[in-house]
Amino acid sequence: MSSSDSERMLKLKSSDGVTFDIKDAIVVTKLEFIKNIIEDCCGDNDLILVPNVNSEILAMVLEWCKKHVGDDIISDGEDDEENEYFSRKKEIKKWDAEFVKNLDQGVLYHLLMAADYLNAKQLLDLLTQRVADMIKGKKSEQIRQIFNIKNDFTPEEEEAIKKRNPWAFE
Amino acid sequence: MDGKEETEELTWNRETVPKVLKIVSTRLSQKDLISLLLVSPWLYRTLVSYPSLWLIISLRETKNVGNRVMAALSLPRYRHVKEINLEFAKNIDDSHLEIIQNKCADSLQNLESLNLNACQSISDNGIKYITKVCPKLKVFNIYWNVRFADTGIEYLVKRCKHIIHLNLSGCKNISDKSLKLVSDNYPKLEFLNLTRCLKLTDSGLQLILRGCSSLQNLNLYALSGLSDVTYKNLSLLSHLKDLDLCGAQNLSDEGLSSIAKCKGLVSLNLTWCVRVTDAGIIAIAQGCPSLEYLSLYGIVGVTDKSLEALSTSCSHKLTTLDVNGCIGIKRRSRDELLKLFPNLKCFKVHS
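Protein chains in written order, with my numbering: chain A, 1 to 170; chain B, 171 to 521.
FYI, nobody ran anything at the bench for these hints, they're computed from the structure.
Owing to the predicted nature of the structure, the values given are computational and were not obtained by experimental measurement.
Incorrect hints may appear among the rest.
As the list claims (entries may be wrong) - Straight line, CA to CA, 27 Å or less: simulated DSSO-like cross-link-like pairs of lysine-lysine:
1) A:Lys162 - B:Lys273
2) A:Lys35 - B:Lys189
3) B:Lys252 - A:Lys163
4) B:Lys350 - A:Lys162
5) A:Lys89 - B:Lys515
6) B:Lys273 - B:Lys331
7) B:Lys201 - A:Lys150
8) A:Lys163 - A:Lys150
9) A:Lys121 - B:Lys192
10) A:Lys101 - B:Lys331
11) A:Lys101 - A:Lys163
12) B:Lys515 - A:Lys93
13) A:Lys150 - B:Lys260
14) A:Lys67 - A:Lys101
15) B:Lys201 - B:Lys174
16) B:Lys252 - A:Lys136
17) A:Lys89 - B:Lys260
18) A:Lys150 - B:Lys192
19) B:Lys192 - A:Lys136
20) A:Lys136 - B:Lys350
21) B:Lys233 - A:Lys139
22) B:Lys273 - B:Lys350
23) A:Lys13 - B:Lys174
24) B:Lys402 - A:Lys162
25) A:Lys163 - B:Lys487
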């Protein structure tokens, strides 16, 4: 990649028509979806449509990308460089934890789907683990409450499932 | 609730939640997956139709397992199950395995891993039934079972041609006959645990050392009847990484020097190998630079010379070193050990 490429600005347009200006270099290594589009279109097209993601969510995805832009730089093994590398890693981990901690579950879910659609592996891992941690060890009713899911089962259906899977519920 | 809110709620329940939880479900335990099944019918349908979620049946340490595993295997979503874990489970015996062979054969065609550790009511007969229907089995664990012996191994080698991992720890009735069957039939075997199989002799082990040259893990814990004849020939296992010789009272320095030819050794347990002295350990230090785990527990014949030799070759790799009871080593306090081996995390292996 020549230096002019890394300074190139892209325009991303969300599903609700909001345009975001962002440096190519920030998103191209984190969002496979964008990387593929740029490669396919020979870089001439500067406006990229992201029809499945609204502006609120897209803004958060870009915020995450900006924070993680230096991730791929690996330390050279020099002692003080290594120390800096590890303390930066620690700081980013803390930032990630804060990022997911107070998310409203609607936002959490939409962010997860956006990460999946945009093929942002690292972000998807972070969000998936967050949701998994919220589910671990919980009973069905608790899970419904946490994620605001309606219990559409009739009592008969519920009984039938339990009967078909007696081995799991003992 | 107005029309828009209602649509949003429907979308949330019927599309968003199942879509997201399908992605998340790959990280959840079986127990959590089953809780999810009962959350909503939309979630149920989505998860049940996603076959890669239902590849493991784990009923370890539970009761009434014979009936429960049969019930599980009759469910269509377990049609492609790869792993069944019944470790320490109660109430499963040969009769259940016979019924499984008759009724659930289709579901076991892809089974690769079966754990029957401590299922003490299962005998050779039970193995006769189950091995008939899982031709792709690779990993077989059946420890602490005295009813499983040579006949059981005969059934196993006849029906399951792809075994690479075999745990027979505590199966006291296994004899050299089984070792001949294993060495004749499993040339690609990678993991073999023969802890406390007291009937085994040097002759049987010879066959294994010559026939199973791909072995990476070999456990001969408490087989104190073996001699240097076996130990010297361990050098035939050029891929050996993990070797457990706890209790090998006949192991000499010469035997250990031969073992040092296994250049890739990562883990070596020499607890109670009371004939070993500095000469043997120095040979190991010189021959095995990748060593990370070493127990010398109870060996009074090793001195500080051994530690010096080890720190010359693997000072940064060693993370576990047990020198409790090694009264010949004068400088073996925690701090002194950390000076020689700065990455040590574990100082005790044997209790």
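Checked hints:
Using a Cα cut-off of 27 Å, the hinted pair lysine 162 of chain A and lysine 273 of chain B holds, with the two alpha carbons roughly 22 Å apart. For the proposed pair lysine 35 of chain A and lysine 189 of chain B, the alpha carbon gap of about 24 Å is at most 27 Å, so the pair holds. As the CA atoms of lysine 252 of chain B and lysine 163 of chain A are separated by approximately 24 Å, the hinted pair is consistent with the 27 Å bound. Restraint check for lysine 350 of chain B and lysine 162 of chain A: the C-alpha separation of about 48 Å exceeds 27 Å, so the hint is violated.
About 23 Å separates the Cα atoms of lysine 89 of chain A and lysine 515 of chain B, which keeps this hinted pair within 27 Å; it holds. Note on lysine 273 of chain B and lysine 331 of chain B: the hinted pairing holds, with a Cα-Cα distance of about 23 Å set against a maximum of 27 Å. Distance restraint check for lysine 201 of chain B and lysine 150 of chain A: the Cα-Cα separation of roughly 21 Å lies within the 27 Å cut-off, and the hinted pair is therefore satisfied. At roughly 22 Å between alpha-carbon atoms, lysine 163 of chain A and lysine 150 of chain A fall within 27 Å of each other, so this suggested pair holds.
Taken as a hint, the lysine 121 of chain A and lysine 192 of chain B pair is honoured in the structure, with Cα atoms around 16 Å apart against an allowance of 27 Å. Between lysine 101 of chain A and lysine 331 of chain B the CA atoms are separated by roughly 50 Å; this puts the pair beyond 27 Å, and the hint is violated. Annotation: proposed proximity of lysine 101 of chain A to lysine 163 of chain A is violated, straight-line Cα distance about 38 Å (limit 27 Å). Restraint check for lysine 515 of chain B and lysine 93 of chain A: the C-alpha separation of about 25 Å stays at or below 27 Å, so the hint holds.
A threshold of 27 Å between alpha carbons decides the hint, and for lysine 150 of chain A with lysine 260 of chain B the separation of about 37 Å lies outside it, so the pair is violated. Taking the CA atoms of lysine 67 of chain A and lysine 101 of chain A, the gap is about 16 Å. The hint holds against a cut of 27 Å. Using a Cα cut-off of 27 Å, the hinted pair lysine 201 of chain B and lysine 174 of chain B is violated, with the two alpha carbons roughly 36 Å apart. Taking the CA atoms of lysine 252 of chain B and lysine 136 of chain A, the gap is about 23 Å. The hint holds against a cut of 27 Å.
A hinted pair counts as satisfied when its Cα atoms are at most 27 Å apart, and lysine 89 of chain A with lysine 260 of chain B does not qualify at roughly 47 Å. Distance restraint check for lysine 150 of chain A and lysine 192 of chain B: the Cα-Cα separation of roughly 17 Å lies within the 27 Å cut-off, and the hinted pair is therefore satisfied. Restraint check: the Cα-Cα separation between lysine 192 of chain B and lysine 136 of chain A comes to about 15 Å, which is no more than 27 Å; the hinted pair holds. Of the supplied pair hints, the one linking lysine 136 of chain A and lysine 350 of chain B is violated, its CA atoms being roughly 46 Å apart against a limit of 27 Å.
Between lysine 233 of chain B and lysine 139 of chain A the CA atoms are separated by roughly 21 Å; this keeps the pair inside 27 Å, and the hint holds. The straight-line distance between the Cα atoms of lysine 273 of chain B and lysine 350 of chain B is roughly 33 Å, outside the 27 Å bound, and the hint therefore fails. This hinted pair checks out: lysine 13 of chain A and lysine 174 of chain B have alpha carbons roughly 25 Å apart, not beyond 27 Å. Taken as a hint, the lysine 402 of chain B and lysine 162 of chain A pair is broken in the structure, with Cα atoms around 58 Å apart against an allowance of 27 Å.
For the suggested pair lysine 163 of chain A and lysine 487 of chain B, the alpha carbons sit about 54 Å apart, so the restraint of at most 27 Å is broken.
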